[in-house]
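A.B. asks: This is what each chain is made of:
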Amino acid sequence: MNETAKIIIKGRKVIGGVAEGEAIVSKWPTMGLNNFNPQLGIITERDHPLKGIPLTGKVFVFPTPRGSGGWVNFGRSTAFGTNPIAMVYYKGNALTICGALVLDRPTVGECEQDPSKIIDTGDWVKVDADKGIVEVEKKDKPK
Amino acid sequence: MHLTREEEKMLKSDDWVTSKCMEHLVKYGEAAGAERLVDIDGNVVMPTFSSMIPELGIDVTDPEMAGKRLKAFTISRNWSVSDGWEDIGVTPWNDPEDHRRRMQILKSWMRIGVHPINSCAYYLTQTYLPTAGQYCSWHESSAMPYGNAILGAKVNFDLGAEFSVAYTAKAPAYDMRVDENRVATRLVNCETRLKTDMDYDLFGWAVGEAMTVEVPVMTGIGKPTQTQILKMNAELNTGGQVRMYHVPGLTPEASSVDAALKGRKPVEIVNIRREDLKRAYEKMNYASDEDVDFVYLGCPFYSLNDLRRAVYYLEGKKCKAKLWIVTDDWTFKVGELMGYRQIIKKAGGVLLAGACAVVSTGVPPNTDVMAVDACKQDYYITGGYYPRKLEVWYGTMEDCIDAAVTGKWRGKWPGGE
Chain A
1 MNETAKIIIK
11 GRKVIGGVAE
21 GEAIVSKWPT
31 MGLNNFNPQL
41 GIITERDHPL
51 KGIPLTGKVF
61 VFPTPRGSGG
71 WVNFGRSTAF
81 GTNPIAMVYY
91 KGNALTICGA
101 LVLDRPTVGE
111 CEQDPSKIID
121 TGDWVKVDAD
131 KGIVEVEKKD
141 KPK
Chain B
1 MHLTREEEKM
11 LKSDDWVTSK
21 CMEHLVKYGE
31 AAGAERLVDI
41 DGNVVMPTFS
51 SMIPELGIDV
61 TDPEMAGKRL
71 KAFTISRNWS
81 VSDGWEDIGV
91 TPWNDPEDHR
101 RRMQILKSWM
111 RIGVHPINSC
121 AYYLTQTYLP
131 TAGQYCSWHE
141 SSAMPYGNAI
151 LGAKVNFDLG
161 AEFSVAYTAK
171 APAYDMRVDE
181 NRVATRLVNC
191 ETRLKTDMDY
201 DLFGWAVGEA
211 MTVEVPVMTG
221 IGKPTQTQIL
231 KMNAELNTGG
241 QVRMYHVPGL
251 TPEASSVDAA
261 LKGRKPVEIV
271 NIRREDLKRA
281 YEKMNYASDE
291 DVDFVYLGCP
301 FYSLNDLRRA
311 VYYLEGKKCK
321 AKLWIVTDDW
331 TFKVGELMGY
341 RQIIKKAGGV
351 LLAGACAVVS
361 TGVPPNTDVM
371 AVDACKQDYY
381 ITGGYYPRKL
391 EVWYGTMEDC
401 IDAAVTGKWR
411 GKWPGGE
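As given, the protein sequences belong to chains A and B, one line each in that order. For what it's worth, the working numbering labels the leading residue of the first sequence as 1, then goes sequentially. For what it's worth, the working numbering labels the leading residue of the second sequence as 1, then goes sequentially.
Simulated from the structure, these hints should not be mistaken for laboratory data. None of these values were measured; they are calculated from a predicted model. Where hints are given, some of them may not hold.
[What the hints assert, rightly or not] Lysine-lysine pairs mimicking DSS-like chemistry, simulated, CA-CA at most 25 Å apart:
| id | chain 1 | residue 1 | chain 2 | residue 2 |
| --- | --- | --- | --- | --- |
| 1 | B | K412 | A | K27 |
| 2 | A | K91 | B | K27 |
| 3 | A | K10 | B | K278 |
| 4 | A | K91 | B | K389 |
| 5 | B | K412 | B | K283 |
| 6 | A | K27 | B | K278 |
| 7 | B | K27 | A | K13 |
Just need the whole structure built from these sequences, with the hints factored in.
C.D. replies: Below, the structure is given as structure tokens:
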């Protein structure tokens, strides 16, 4: 098997800590309130490609937030034990900061490149939030 | 994060609540990448759904909280059904005991200084508004752009820290509290003539989706009424996260496109055409069954004029489907004095204050198909019923009232250029 170089994405530490796991990637801007169910840890937004798939135990990657302050529901998943183990995003704002504080898991935001365009669901991702570094190992390595 | 000498003292305050709040604000400010705190000289909006402040482990009903007062002027958003609840026909909201229990929670917040405005469009009834440049801590989709763009106040979202912000009147300087972040980076040209309330509702959605978190300067949007501004704001901040925008001549922070962009070139120019509105209209019409069970009007909560228009249109008719017309506490009372509550009741509908099908009450039992006149209510309500498919029709207020009366959806895309 060819060992390809790992992809490194740099961003800003929002919540410190280190975590690694499989990525679950929303290519759409993510929306909270009723369109995320924190009890089940699933996106419930109509026609969303990840609808119904738990974020539980995964590294949750997305481009930007959108919609209501109920975005913080992503963070509330921690109270139900359905939470992703880390978050990585491109451009955030007060929603992602408040959401990350409630989630209380390693979070890297304001990445130099849009991680949702580089990372795909199933890739292995190591999030070193203390250093603001995200390491990506592609699931489908180029031959 | 740099703290002033006063803030350092607050961190070690003898008042245990002050020191707890300051510790939380420091943690919050560091996550946000803020360099300092600012003084809240506008107001704070407090969620009062529960008596708990989980981030601090404080229960506001705790005897130790007796005598404590919030430093910032603070109001409540909608949290329940504050008036007309006897008529709602949905448990537990129509249960007097349950209502009493929820009022007890609200009263414990009132004791520390939360004024019960109970509205999502609280800026219409809070009586004391921030002026340009004042710092606020708000939430709610339609409210954020109202405060930032229309009033020119520096309004930020602090969910999970509102109590700390209100108690200390301090908040981290980041996002919309920083001048540089309020500068437009995108130019949006509206190339279709916006006339109706629905036009502005759909325009807001289309721009929101195109912008997500970016700040646009917009041209060609015509002369919106207050209702149209509210609807546009709600959708800008639902289809996207447009919590700030500029419209020269309408918003106070920039008098020209160039000033809004601070003389820089826009990163992107987006032209919104009729077909973009139509695309949003089609997305909102998430239904195929034309038999409507339930109609919700009042997202954001209807103003007195919206209520008047709905009542005049409904008067003398009889509803086949359930109809809720929702407003804030004050408008409810004036509407009651005007006889509007009775007219709606006679037609088989209900006038409610504070009720939101998305945020609090849900839809009435046995609702499979509903109709709304707001993208926001439309797009969120379905997520709460997953995996069941709740069908939603979207159209004008008149389309919705017609559906309530006939029990059939007959709304159509109106065309236009």
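A.B. asks: Taking the hints in turn, state whether each one holds.
C.D. replies: Here is what the structure says about each hint:
This hinted pair does not check out: B/K412 and A/K27 have alpha carbons roughly 32 Å apart, beyond 25 Å. A distance of roughly 21 Å separates the Cα atoms of A/K91 and B/K27; the hinted pair therefore holds under the 25 Å criterion. Our distance criterion of 25 Å between C-alpha atoms is broken by A/K10 and B/K278, whose separation comes to about 39 Å. Distance restraint check for A/K91 and B/K389: the Cα-Cα separation of roughly 32 Å exceeds the 25 Å cut-off, and the hinted pair is therefore not satisfied.
Straight-line distance between C-alpha atoms of B/K412 and B/K283 comes to about 13 Å, which keeps the hinted pair within the 25 Å bound. Between A/K27 and B/K278 the CA atoms are separated by roughly 24 Å; this keeps the pair inside 25 Å, and the hint holds. Distance check on the hinted pair: B/K27 and A/K13 sit about 13 Å apart at the alpha-carbon level, within 25 Å; holds.
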